[in-house]
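Number of protein chains: 2
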Amino acid sequence: MEESKENNPVDCEGASSSLSSGDIKSIKTYSMKPIAYLQSVFKEKNGTPRQSNTCSEFRGKITIGKDLFTNPEHSLEGLSQFSHIWIIFIFHQSGSNFTKAKIKPPRLNNKKVGVFSCRSPHRPNPVGLTLAKLESIEDSTIYVSGIDIIDGTPILDVKPYISDYDYPKIVNELGLADKNYVNEEAHTAEVHSADWIAQANNESLTVRFTLRALNDLETIQVEESNNLKKAIVEVLRNDPRSVYRRKQCCDRLYYFSFNQIHVTCWFDDDQAEVLKVKQVSN
Amino acid sequence: MEESKENNPVDCEGASSSLSSGDIKSIKTYSMKPIAYLQSVFKEKNGTPRQSNTCSEFRGKITIGKDLFTNPEHSLEGLSQFSHIWIIFIFHQSGSNFTKAKIKPPRLNNKKVGVFSCRSPHRPNPVGLTLAKLESIEDSTIYVSGIDIIDGTPILDVKPYISDYDYPKIVNELGLADKNYVNEEAHTAEVHSADWIAQANNESLTVRFTLRALNDLETIQVEESNNLKKAIVEVLRNDPRSVYRRKQCCDRLYYFSFNQIHVTCWFDDDQAEVLKVKQVSN
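As you go down the protein sequences, you meet chains U and S in turn. The first sequence begins at 1 in UniProt numbering and counts up by one. The second sequence begins at 1 in UniProt numbering and counts up by one.
Everything labelled a hint here was simulated from the structure, so no lab data went into it. Some hints here could point you the wrong way.
Intra- or inter-copy, both count: the list cannot distinguish identical chains.
Said to hold, decoys possible - Keeping only pairs whose Cα atoms sit at most 25 angstroms apart, straight-line, the calculated SDA-like set for lysine to any residue is:
1. Lys61 <-> Val191
2. Lys28 <-> Glu203
3. Lys112 <-> Phe91
4. Lys100 <-> Trp196
5. Lys276 <-> Cys250
6. Lys111 <-> Asn71
7. Lys33 <-> Leu129
8. Lys111 <-> Glu138
9. Lys33 <-> Asp268
10. Lys104 <-> Leu253
11. Lys112 <-> Gln81
Just chain U, same shape as in the assembly (with noise of 0.2 angstroms):
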């Protein structure tokens, strides 16, 4: 049995009207609701991943509401034959309702690139994209992992990754997508991204702990702490900071969380160190 409500979040209506008046000036506005809130490990911005990455202890949940489905575990149906899913989510605390046309992202030292160039937050549909590694599916919930969005960000829909569609491909000389990819070489002399998002990505600091930090991973209680471990060295080896902290408060100890742990740390030159880490309790 199919199952829906009335109060669908979507209203397009006048839309298409406009589009086919071929009046572009008279631009509608397109209204969504999420279908869920995402729940995470990371509570604030400090020390969320700029993009998602694969370590597990970065995870979350999405549980789609009653209020979209009576029986909302139908809409997931078969969603668990898939290892991965777009998230596609609504950056919920990107500031001001001001948008530039070039903006400077925070690894680039002050070079500025144009705002669809980049995957910044700040831009005219705070529209957020990311990967997430599917964990399993429970009832009306997925459990994701290697995730960089932030506890309580709207989601508007998740889609299964399909490599056949997001994927780059090859063509081969018929003119058609090769899906064996068996040239692996020309596929990434094919597949580039601009200079900068290779050199940002190679800049990775060398990440420390201090032997009272050690000492404090080894009393707190988790499951794995070896992970907890991992999961603070992929937050820091990417330089979490902004380019204002990285430029005007070298000085300042660097605080994040994540699944009741805070992290006390400190940066030099191109290492981070780890100076505490803490349980808290909600």
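Model the placement of chain S on the given structure of chain U, informed by the hints.
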């Protein structure tokens, strides 16, 4: 100089207050205005590929408007250094505002899956995601190829494709993502889609042309008529018909058009045959 305008399309007011109150029931809506409308070779749904592919005939362009930025070309600065882009768009022709939890994708022979387990346009928020090859940038216009979306589609956002973020990573022994993806076999094992995807993708049709259709192709004065033939093959081999058309209307001719070309064909069990190709003027 940074430029911006006050008529920013984003309106997120009220959303964060609803979040912080923890009152999931009082879900606020997010209003978005398209940043542009796609101009595509596909003028109607019939024959528009279901997902993007690399046939270079499937071209389109996205022009960032002056209603968004005083100098819209600034918003694309740096984008030409990427080979591919994500286009986040509105499924503006997906019909009724009535979303079902389970749907029947066209190529699954009546099998039902959850709406979040497939890429159907009929979803709670009608947001689409597609990967396109970036051909060039001129002023404030992005020229793309390999697209699967229809002329006039409202575009919400454009983001660069970045392999490090958008390609599922393998986790090495240290729990850190391996940037080199040396072992492609291991990767394929870790990244997987539901069985029905592979099955559907393998069921491609044989595409034939009658002598008359081949003659038609020769008389059409296009720059590269060979590319035109490839484009027709690419559309038909993936069976563009809806389930309804396949089951109920198998005795009817099938028409589609793109790029001022109108194609007439028919389908038999596992083949499509092109009967007529006609050039039309606007």
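These are the hints, each one checked on the structure:
1. Lys61 <-> Val191: between (32 angstroms within a copy, 20 angstroms between copies)
2. Lys28 <-> Glu203: Intra 43 angstroms, inter 40 angstroms, cutoff 25 angstroms: neither.
3. Lys112 <-> Phe91: Answer is within; shortest intra-copy Cα gap is 21 angstroms, inter-copy 32 angstroms.
4. Lys100 <-> Trp196: within (20 angstroms within a copy, 43 angstroms between copies)
5. Lys276 <-> Cys250: within (18 angstroms within a copy, 70 angstroms between copies)
6. Lys111 <-> Asn71: between (49 angstroms within a copy, 18 angstroms between copies)
7. Lys33 <-> Leu129: Both. Shortest intra-copy (17 angstroms) and inter-copy (18 angstroms) distances satisfy the 25 angstroms Cα cut-off.
8. Lys111 <-> Glu138: Between copies only: 22 angstroms across chains, 44 angstroms inside a chain, cut-off 25 angstroms.
9. Lys33 <-> Asp268: For Lys33 and Asp268, neither the intra-copy (43 angstroms) nor the inter-copy (43 angstroms) Cα distance is at most 25 angstroms.
10. Lys104 <-> Leu253: within (24 angstroms within a copy, 54 angstroms between copies)
11. Lys112 <-> Gln81: between (41 angstroms within a copy, 14 angstroms between copies)
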